[in-house]
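**Q** The primary structure of each chain is shown beneath.
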Amino acid sequence: MKKYRAVIHLTEMERANLALNNVANLLNDLGEEETEVEVVANSEGVRALSKAGPFVERIGELARRGTRFVVCARSLAALGMKEEEFVEEVEVVPTGTGELVKRETEGWAYVRP
Amino acid sequence: MKKYRAVIHLTEMERANLALNNVANLLNDLGEEETEVEVVANSEGVRALSKAGPFVERIGELARRGTRFVVCARSLAALGMKEEEFVEEVEVVPTGTGELVKRETEGWAYVRP
Amino acid sequence: MKKYRAVIHLTEMERANLALNNVANLLNDLGEEETEVEVVANSEGVRALSKAGPFVERIGELARRGTRFVVCARSLAALGMKEEEFVEEVEVVPTGTGELVKRETEGWAYVRP
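Protein chains in written order, with the numbering used here: chain A, 1 to 113; chain B, 114 to 226; chain C, 227 to 339.
Hints are computed from structural coordinates only; laboratory data are not their basis. Note that the structure is a prediction, hence the values are computed from the model and not measured. Where a beta carbon is used, it is the ideal one built from N, C-alpha and C, also for glycine. Please note that a few of the clues may not be correct.
[As the list claims (entries may be wrong)] With a straight-line cut-off of 27 angstroms between C-alpha atoms, the simulated DSSO-like cross-links for lysine-lysine are:
1. A:LYS102 <-> B:LYS116
2. B:LYS115 <-> C:LYS229
3. C:LYS277 <-> C:LYS308
4. A:LYS82 <-> A:LYS102
5. A:LYS3 <-> A:LYS102
6. B:LYS215 <-> C:LYS328
7. B:LYS195 <-> B:LYS215
8. C:LYS328 <-> B:LYS116
9. C:LYS229 <-> A:LYS3
10. B:LYS115 <-> A:LYS102
11. B:LYS215 <-> A:LYS102
12. C:LYS229 <-> B:LYS116
13. C:LYS229 <-> C:LYS328
14. B:LYS215 <-> A:LYS3
15. C:LYS229 <-> B:LYS215
16. A:LYS102 <-> C:LYS229
[As the list claims (entries may be wrong)] So the derived label-pair ranges between C-beta atoms look like this:
17. A:ALA63 <-> C:VAL282: 38 to 44 angstroms
18. C:LYS229 <-> A:GLU33: 29 to 35 angstroms
19. C:GLU258 <-> B:GLY220: 20 to 26 angstroms
20. B:ALA176 <-> C:ALA278: 44 to 50 angstroms
21. B:MET114 <-> C:GLU309: 41 to 47 angstroms
22. C:ARG284 <-> A:GLU106: 35 to 41 angstroms
23. A:ALA78 <-> B:ARG181: 22 to 28 angstroms
24. B:GLU170 <-> A:ALA63: 40 to 46 angstroms
25. A:GLY53 <-> B:GLY179: 36 to 42 angstroms
26. B:GLY193 <-> A:ARG64: 50 to 56 angstroms
27. A:GLY53 <-> B:GLU197: 45 to 51 angstroms
28. A:MET81 <-> B:GLU170: 27 to 33 angstroms
[Unchecked claim] To give an idea of the interface, some chain A residues facing chain C are shown, with a C-beta separation under 7 angstroms as derived from the structure:
29. LEU18
30. LEU26
31. LEU30
For reference, chain A alone in the conformation it holds in the complex (with noise of 0.2 angstroms):
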C-alpha cells in the first residue's frame, strides 16, 4: 500500500482541466512512487474522459503514471454514453458516489478540484 492515497472527484466539465493538473501536481509533489491517485468521474464530468474530448493525451500521461480513470455507469446512462466512447485506459464502475466511499472508507483522501 502506498504511503498517500487519494481519490479526486471529477463532477463538472469545466473544471477537468484544473483537476488533471491537480493531479500531476500531486504526483510530482509527493512523489509517484508514494502516491496512488484515482480520478473519479461522474454527472457531467464524465465527458472530460472521452476520446472526443480534449484530455486524451494528458490521461493517457497520466495513466502511465500509475493513475486510475473511473467513470460511473449511472452518468453515461443518464448522458446517453457508451463504454466505447471513453479513452481506453477508462473504467466504468456502478456509480461514481459509491466508488468514493468504497475509497474513503479504505482511507484515501478526497479532493474535489
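We have chain A already, so just place chains B and C on it with the hints.
**A** Leaving out everything else, chains B and C in the frame of chain A:
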C-alpha cells in the same frame, strides 16, 4: 455501525438535484442495509430542503430509506428562514461545517456533489 | 493534538467569503480550543488571500484565533503572483493538492465550501 457512512455536502441550490441522485445511487449501489447517509445543507443549499422547493417527495422517500437531512442554523439565520419552512424530515444543526467535521472525525466519508 | 482538525479547500475566488464564514462558524461551534483549522488555497482561490483582496482583516482575525492559511506555489506561478503579494499570515506550500492529501492522510477532515 453500518459498513459505509457518508456525508453529502449540499451547498449550492443548483446542485441539489444531482446531490439527491447521488444519495439514491449510493443506497442502490452499496446497499441501504450497509450504508448510512446524511445530507448536510448549508449556505444557499438549504433552500433545496424547503417545503416550497421541488424536492419534497424525493426527500421523504430518501428519509424513509434511512437518510438523515440536516440544515445549518447559521445559514437559516443569514437567509432569514425558519425551521417551519423545511420539509418535516429536516433537522437543524448549529453549523453545517461543524456537523461535517464531526462526522468525518467519526470516520464518515465526505462527498461534495 | 486537538480533537477536531479540518482543512478548508478554497479553490474558487467567488466562494471565499463563504469559506471564511465557514471557518468562523466552525471555531464558534466546536470551540477554538478543540479545533485546528487550515485553509488551503489553490487555483483562482489564492487571490482571496492577497493583500489587495477584500479579506485582509478577516484573515488576520482568524489567524489570531489559530487558523493557518496556505497557498499553492504552482498556482502562484501559473497566475504570475509572488509571495509578497499575500497577507502576511499566509504561507506558501509546494502544492495545494499535496497539502490537502497530506493533512487528510494525517486524519484531518476535508470541507470544500
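**Q** If a hint holds in the structure, say so; if it does not, say that too.
**A** Evaluation of the provided hints:
1. A:LYS102 <-> B:LYS116: Given that 27 angstroms is the threshold and the Cα spacing comes to 10 angstroms, the pair holds.
2. B:LYS115 <-> C:LYS229: holds (23 angstroms)
3. C:LYS277 <-> C:LYS308: OK: LYS277 (chain C) and LYS308 (chain C) at ~11 angstroms, within 27 angstroms.
4. A:LYS82 <-> A:LYS102: holds (24 angstroms)
5. A:LYS3 <-> A:LYS102: The hint holds at about 18 angstroms.
6. B:LYS215 <-> C:LYS328: holds (19 angstroms)
7. B:LYS195 <-> B:LYS215: holds (24 angstroms)
8. C:LYS328 <-> B:LYS116: holds (25 angstroms)
9. C:LYS229 <-> A:LYS3: holds (24 angstroms)
10. B:LYS115 <-> A:LYS102: With Cα atoms ~13 angstroms apart, LYS115 (chain B) and LYS102 (chain A) stay inside 27 angstroms; holds.
11. B:LYS215 <-> A:LYS102: Holds, at roughly 19 angstroms.
12. C:LYS229 <-> B:LYS116: holds (24 angstroms)
13. C:LYS229 <-> C:LYS328: holds (18 angstroms)
14. B:LYS215 <-> A:LYS3: holds (25 angstroms)
15. C:LYS229 <-> B:LYS215: At roughly 10 angstroms apart (the allowed maximum being 27 angstroms), LYS215 (chain B) and LYS229 (chain C) satisfy the hint.
16. A:LYS102 <-> C:LYS229: holds (25 angstroms)
17. A:ALA63 <-> C:VAL282: 38 to 44 angstroms: Distance hint for ALA63 (chain A), VAL282 (chain C) holds at roughly 43 angstroms.
18. C:LYS229 <-> A:GLU33: 29 to 35 angstroms: holds (34 angstroms)
19. C:GLU258 <-> B:GLY220: 20 to 26 angstroms: Given about 23 angstroms between the Cβ atoms, the range holds.
20. B:ALA176 <-> C:ALA278: 44 to 50 angstroms: holds (47 angstroms)
21. B:MET114 <-> C:GLU309: 41 to 47 angstroms: holds (45 angstroms)
22. C:ARG284 <-> A:GLU106: 35 to 41 angstroms: Given range 35 to 41 angstroms: holds, Cβ gap about 37 angstroms.
23. A:ALA78 <-> B:ARG181: 22 to 28 angstroms: Holds - the Cβ-Cβ distance for ALA78 (chain A) and ARG181 (chain B), about 26 angstroms, lies within 22 to 28 angstroms.
24. B:GLU170 <-> A:ALA63: 40 to 46 angstroms: holds (42 angstroms)
25. A:GLY53 <-> B:GLY179: 36 to 42 angstroms: holds (37 angstroms)
26. B:GLY193 <-> A:ARG64: 50 to 56 angstroms: holds (53 angstroms)
27. A:GLY53 <-> B:GLU197: 45 to 51 angstroms: About 47 angstroms separates the Cβ atoms of GLY53 (chain A) and GLU197 (chain B), which means 45 to 51 angstroms holds.
28. A:MET81 <-> B:GLU170: 27 to 33 angstroms: Given a distance of about 28 angstroms, which is inside 27 to 33 angstroms, the answer is holds.
29. LEU18: holds (6 angstroms)
30. LEU26: Where the cut-off is 7 angstroms and the nearest Cβ of chain C is about 5 angstroms from LEU26 (chain A), the hint holds.
31. LEU30: Hint on LEU30 (chain A): holds, closest Cβ of chain C at ~5 angstroms, below 7 angstroms.
Violated hints are absent here; each numbered hint is respected by the structure.
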